[in-house]
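**Student:** Letter by letter, the chains look like this.
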Amino acid sequence: MADTSDIKKGFKMLLDGVPFTVVDHQFVKPGKGQAFIRTRIKNMMTGAVIDRTFKSGEKLDKADTEERTMQYLYPEGETRVFMDTQSYEQLSLTNEQLGENVYYLLDGTEVDVMLFEGRPIGVTPPTFVELLVTETEPGFKGDTSSNTTKPATLETGLQVNVPLFVNAGDRLKVDTRTASYVERVKG
Amino acid sequence: MPEPADAAVLQLLELRATLLGAIRRFFAERDFVEVETPAIVPSPGLDVHLSAFDVRNPRGERVGWLATSPEYQMKRLLCAGAQRIFQVCRSYRAEERGNHHEREFTVLEWYRADATSDEVIADTENLVALIAASLDQPAPEVQPPWQRMTVDEALQFHANTALDSLLDDEERFFRLWAEEVQPRLGNERPIVVTDWPASMASLARLQPNGRADRFEAFFRGVELCNGFGELTDATEQRRRFERDQAERQAAGVPVYPIDERFLADLERGMPESGGNALGVDRLLMLLLGASSIQAVMPFPEERL
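For the protein sequence lines, the chains are U and V, in the order given.
Residue numbers are given in the working numbering: position 84 of the first sequence equals residue 84, and the series is strictly consecutive.
Residue numbers are given in the working numbering: position 287 of the second sequence equals residue 287, and the series is strictly consecutive.
It is worth saying that the hints were derived from the structure and are not from the lab.
A few of these clues could be false.
As the list claims (entries may be wrong) - With the Cβ distance kept under 10 Å, some of the chain U side facing chain V (calculated, not the full set):
id, residue
1, ILE37
2, ARG40
3, LYS55
4, GLN71
5, TYR103
6, LEU106
7, GLY108
8, GLY122
Stated by the list, open to error - Computed far set for chain V versus chain U, every beta-carbon distance over 10 Å:
id, residue
9, ASP233
10, ALA295
11, PHE299
Said to hold, decoys possible - No farther apart than 25 Å at their CA atoms in a straight line, the calculated lysine to any residue pairs in the SDA-like style are these:
id, chain 1, residue 1, chain 2, residue 2
12, U, LYS186, U, ASP170
13, U, LYS55, V, GLN83
14, U, LYS8, V, ALA198
15, U, LYS42, U, VAL113
16, U, LYS8, V, PHE105
17, U, LYS42, V, GLY269
18, U, LYS55, U, MET1
19, U, LYS55, V, ARG59
20, U, LYS55, V, ALA133
Just so it is clear, CB atoms sit at the ideal spot from N, CA and C, and this is done for glycine as well.
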């Protein structure tokens, strides 16, 4: 059993059977009053973020979660199949569970799979991935400084805004936290 | 001159020294005497939500507790005849940690004999304005007079709730206060909240309206100080201490002893007084726009 003194960013707790992870927390104690921990917590199943205030010292259930490094293998209907790089065990997540993260999955991409009570509930992709541009308006040679951007579609279907000099066939480094262009990769 | 190894810490030291200098100048100009009272005390304060550090000798025997505030001893000095006193000291709360709490923190506490809480509120406004100016943080919004509101009004305005409906349920009051009311207090300018429920001010006198003569100032949602028109009736004070002890017993937290010397001095007579305790680290944090009190302390626990 945990209590509110265990709360920190990333602490995972069970509320009404649902796992939540702490995004933000603040100790508050009105003068002469009872102390509370105000938290912002994220539902690990749906991604929804809510505010919740706990009494200082309140008992909390730790969520039984585990993160494992796995390799993306292939799509299968509405799901994606991953393999544990240690045990070679395979499991799958639905596209709905993966959400935006489906755009960062290439054959062999290593991701952290979050398991809740042994079942996969979501993935964290690498912070940066390299993706091929499949479609964008032709670039302007020599225009490497402009702040103007244009839309581009990448090999996984992800759409990002890119500088004008980027062409179809270029490889781009993409920040998966913000779904945004970082730089063009040589070669 | 060589470059300092840690310019940020040096700047912080200068800012804190400037602030302390401004406090001393402010009170010297008003004929206050700077006093010192012990950190190890026979009773650390009896409020049910206070948690103090035990102090023991090498044989494991209790010597006392670290003071959660210098209040009892400073009031004993008023009983001894002191007229205007102030102190800057460390106080200790064993279980308070967060962006606005540190287990060891700096308190400014001052008392005026033969004065009301209004005079102490005026001190607070003028002091904060002087400190802001001396820190080169003109902060026009802290210029006196500050806004005033009663607890009844604050609850009605920010939480649409009548205080009387919460008097039997302090947990609900504090939850509502922490979630809905306090974060919205003093967002533009500091605000002084007065007229607290009698049960939430163990050391304040009662007003004719049944509320305690207690005030707190808030700035940008942060509690800056807590002051009273002081209770001077020893019998009533003992009754409240005994009630606090019973509450502590019921809550299953350590029951600290009553400071009998404080009560004996009160019995002999304390002038009608006003007093206030102000969080020095919080004030500095707010005036500098820092995100935590730890950011304005050279050695918060996390960097010790």
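**Student:** All the hints need checking, so say for each whether the structure fits it.
**Tutor:** Here is what the structure says about each hint:
The closest approach between the C-beta of U:ILE37 and any C-beta of chain V is roughly 8 Å, which is under the 10 Å cut-off, so the hint is satisfied. The restraint placing U:ARG40 at the interface with chain V is violated, with a minimum CB-CB distance near 12 Å, outside the 10 Å limit. Among the interface hints, the one on U:LYS55 holds; its C-beta lies about 7 Å from the nearest C-beta in chain V, closer than the 10 Å criterion. At its closest, the beta carbon of U:GLN71 sits 38 Å from a beta carbon of chain V; the interface hint therefore is violated under the 10 Å criterion.
For U:TYR103, the shortest C-beta to C-beta distance to chain V is roughly 34 Å, which exceeds 10 Å, and the interface hint is violated. A cut of 10 Å between beta carbons decides the hint on U:LEU106: the least distance to chain V is about 39 Å, and the hint is violated. Proximity of U:GLY108 to chain V is violated relative to the hint, the smallest CB-CB distance being about 41 Å (cut-off 10 Å). Nearest Cβ of chain V to the Cβ of U:GLY122: about 29 Å, over the 10 Å cut. The hint is violated.
Once the 10 Å rule is applied to beta carbons, V:ASP233 is consistent with being away from chain U; the minimum gap is 19 Å. Every CB of chain U lies more than 10 Å from the CB of V:ALA295, the least distance being 15 Å, so the non-interface label holds. No beta-carbon of chain U is positioned within 10 Å of the beta-carbon of V:PHE299; the least distance is around 19 Å. At roughly 8 Å between alpha-carbon atoms, U:LYS186 and U:ASP170 fall within 25 Å of each other, so this suggested pair holds.
Pair hint U:LYS55 plus V:GLN83 does not hold up; C-alpha atoms about 41 Å apart against a cutoff of 25 Å. Note on U:LYS8 and V:ALA198: the hinted pairing is violated, with a Cα-Cα distance of about 36 Å set against a maximum of 25 Å. With a C-alpha separation of about 17 Å, the suggested pairing of U:LYS42 with U:VAL113 holds against the 25 Å cut-off. Of the pairs offered as hints, the one joining U:LYS8 and V:PHE105 holds, with about 22 Å between alpha carbons and a cut-off of 25 Å not exceeded.
Between U:LYS42 and V:GLY269, the direct Cα distance comes to roughly 57 Å. Violation of the 25 Å bound is thereby established for this hinted pair. Restraint check for U:LYS55 and U:MET1: the C-alpha separation of about 16 Å stays at or below 25 Å, so the hint holds. Taken as a hint, the U:LYS55 and V:ARG59 pair is broken in the structure, with Cα atoms around 36 Å apart against an allowance of 25 Å. Distance hint between U:LYS55 and V:ALA133 is unfulfilled; the C-alpha atoms sit about 39 Å from each other, more than 25 Å.
Of the hints listed earlier, those the structure fails to meet are numbers 2, 4, 5, 6, 7, 8, 13, 14, 17, 19 and 20, in rising order.
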